[in-house]
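My request is simple: use the sequences and hints to build the entire structure.
Each chain is listed here by its residues.
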Amino acid sequence: MKTLKNACKRLTACIVALSVVFGLGGCYDRRELNTLSIVFGTAIDKADKKGETTITFQIADVGGEGKSEKGSPKGSGQMSTQYLNISNTGKNANNIIRDMDHILSREVYIAHNQVIVIGEDLAREGVRDSLDFFARSPEGRLNVYIFVARGKGSDILETEPKLEKMPSDDLVRTLMVQKRTSEAPIITEFDLIKGLISKTTCSIVPIVYIKEIEDKENVCVEGCAVFKDGKMIAELDKKETRGVLWIRNEVKNGAFLVDVEGTKATVEIREARSKVKPEIRDDGKIVLKIQVNAMVGLGDQYGKFNLSDPTNIPEGLKMTERAIRKEIRNAFNKVKAINADVIGFGDCLRQRYPKKWEQVKDHWDETFKDIEAEITVKIKADGNGRIDTPLHPSQG
Amino acid sequence: MSEGIRTKQLMFSVSAFITASSILTKNLYAFTVQDSWMAIILAVITSLIIVAVYAALANRFPGCSLIEINDAAFGPILGKAVSAMYIFYFLSLLYFNTLDLSSFIKEIILPNTPVIMTIVMFVFICAWAVRTGAESMTRYGALLTFIVTGTILLNGFLLLKYVNIRNFLPMFTKPIKNYLIGTHIMTMLPLSEILCFIMLFPYMKQKKDAGKALSGGLLIGAAVLFLIVVRDISVMGNVIQIASRPTFMVARLVDVGEVLTRLEIIYAFILIAMLFFKVSILYFSAVSAIARVLKLESYTYLIVIIGVLTVIYSMSIFDAAYEHAIWNMTAAATYSTFFIVLLPVVTLLTAVIRKASRTETSL
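Those protein sequences? They're chains A and B, same order as listed.
Numbered according to our numbering, the first sequence spans residues -3 to 392.
Numbered according to our numbering, the second sequence spans residues 1169 to 1531.
Each hint should be verified, as a subset may be incorrect.
[To be verified] Simulated coverage check for chain A against chain B, where a stretch passes if three residues somewhere in it have a Cβ under 8 Å from a Cβ of chain B: (1) 13 to 21; (2) 188 to 194; (3) 337 to 351.
[Said to hold, decoys possible] Below, computed lysine to aspartate or glutamate pairings styled on EDC-like, alpha-carbon distance capped at 20 Å: (4) B:Lys1342 x A:Glu354; (5) B:Lys1329 x A:Glu354; (6) B:Lys1274 x A:Asp25; (7) A:Lys195 x A:Asp225; (8) A:Lys175 x B:Asp1423; (9) A:Lys175 x B:Glu1426.
[To be verified] Estimated spans, in silico, between C-beta atoms of each pair: (10) A:Gly122 x B:Trp1495: 27 to 37 Å; (11) A:Leu159 x B:Phe1340: 45 to 55 Å; (12) A:Glu121 x B:Thr1498: 30 to 40 Å.
For the record, the hints were derived by calculation from the structure and aren't laboratory data.
We put the CB at the ideal spot given by N, CA and C, even for glycine.
As structure tokens, this is what we get:
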């Protein structure tokens, strides 16, 4: 009798344990890889009908189980990454995406989305509503890179990449590579949201457009679009963008053309850091103190005047200083002219001088026009590469 | 098995219990956005005062659980009435916390699974833990505390590129009312729910150190919560206000060299483990309290009953998720104040006035 009782106990324990294990497997919510259409890039454009948007998803066949292209070896372990752009038009992003289920054989999965390209038309109308779904969905992530396209965003996603597998990959990697020039900002959805919920700060978003080089289309990332109140109001070109990035302390690398005594030199920025402090003068005027510290090196020079010579270096540095200051000053004036606080100055004031902020926050636009900037640039020379003198015959 | 809970074990169990509430930080951020760290410090000070009351009760009645304390302080009949109120509170906490876990899992991890499956599995495992007894439950408190602290520090370290000290400014600019509400919520919801540990006092090895265990655990748990809040504010700044689960959203941002990404799943694991611990302790408190009031020999068969009740009630307390959010932000703190502050203080005063004191051996 006792052994039977024991056996029953053990059996019950086994059954219970097994049922717990099965129950905890989460099988109900299983998602097999070959039932998901994994989205790698998104484009949001304004549709022809009023109030409607077109969403384009760039879906890649990652599992390798779908249709393979002619000639691509299947079963040899190589992943076939052919991609597919699916568009749909409608009223709300979530609705549009749900509607895509009618034409897709696999469920949309946005957790691997790398880029969101916003068409210019939609950008000028306002992006807050379109981005709501991407911020709200539990699958969505905030590390997505955001771009504004000149023209339609879906065209950017159609551009055949030269070296990469997919246009979305192409976009992200181009964005990372151009970091060396610092002529376009690198903005994730997190950065954009921070700008959108701030009352005064305007966001900047890199611009991407299609450049025709020798009859072939190339994707080009440079310059930025300025968003005020969720709408795009202006574009900044390469140099103005870099000026703004100087103030935002986002320039880490770049190159300048400097003219010293007839020699044109490329000066490379090796390291850079900028500090921005607001200061309120006695007469109530707000002054922005921008201090830039940079380490620069000589990239190359066209001309005889040896810029690596220690006696000539101060002159070269002076010209570089002047060039940087000019760039920042131009950018600042442009920013004031379009009346957009892309440098986060309002937030800065709110954080450091809350009392003054209370006074000016209601008429921030006028206040911003009156802000002055004091720009100080300190440069140090870093190095001049492998040769000390230019490729000219030396004297004597 | 019958060695008794050591003081350090109880201390770390208390801190693990408190850290489980990191899921509820939304309530605090809604009121004192960037000054939330101040609310935590104020809440710790207030909680220490409340815990002093518990410690005084524990010292006056060493080795007694809450039920015996009530009986001694108020007399047999009124004491039972007060105990019934405590039982109601423990049960309600049990339901709310189970609901927290099930809604977390439903929203983030398993959206399509019927929520009853998650709740049944969870309650089953908690019931199993309770069945093994108080002492074995508190054994892994220290482990959980260390794991949580380690995870938070690691996450914080990986998020250094987003940290911006200026997110803490401007300080002290919110209306005073917000700070008071924030402190109130923080005191009641995570920090002072450790009232239920009084039910574990009879199982302690050294009954005199009960108060020390509580306050030590409170400080450790609050320190961990402080770390969480500081990390959240410094990374997110203003965006905390719009997130529905700020701590989780922060964990999602980790992206180091495109290799260490999507680490929020670690945070989800830890959170489930912490909530399991918290619900087990609450479960045990409720079951033990009912057994003592009804003078039952053992509480074993009550476990299943309370388990079933938990499954049913946690699904039916709120009609909609937003009701839960509104409850957390408005009424929950006041509801808890009655049981956490008012009743123990009244009990202590009554005990002092009536010069009551009693020692009881465990179980």
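Hints versus structure:
1. 13 to 21: Coverage by chain B holds here, the residue count being 3 at a Cβ distance below 8 Å.
2. 188 to 194: As far as the region 188 to 194 of chain A goes, the hint holds, because 4 residues have Cβ atoms under 8 Å from chain B.
3. 337 to 351: Holds, because 5 residues of the region 337 to 351 of chain A bring their Cβ atoms closer than 8 Å to Cβ atoms of chain B.
4. B:Lys1342 x A:Glu354: Holds: B:Lys1342 and A:Glu354 sit about 13 Å apart, inside 20 Å.
5. B:Lys1329 x A:Glu354: With a Cα-Cα distance of about 31 Å, the restraint between B:Lys1329 and A:Glu354 is violated, given a limit of 20 Å.
6. B:Lys1274 x A:Asp25: With a Cα-Cα distance of about 10 Å, the restraint between B:Lys1274 and A:Asp25 holds, given a limit of 20 Å.
7. A:Lys195 x A:Asp225: 8 Å, holds
8. A:Lys175 x B:Asp1423: Satisfied, since the Cα-Cα distance of roughly 18 Å is no more than 20 Å.
9. A:Lys175 x B:Glu1426: Measuring from Cα to Cα gives roughly 16 Å; hence the hint holds.
10. A:Gly122 x B:Trp1495: 27 to 37 Å: Taking Cβ atoms as reference, A:Gly122 and B:Trp1495 lie about 35 Å apart, which means the hint holds.
11. A:Leu159 x B:Phe1340: 45 to 55 Å: At 54 Å between Cβs, range holds.
12. A:Glu121 x B:Thr1498: 30 to 40 Å: 38 Å, holds
Of the numbered hints listed earlier, the single one contradicted by the structure is hint 5.
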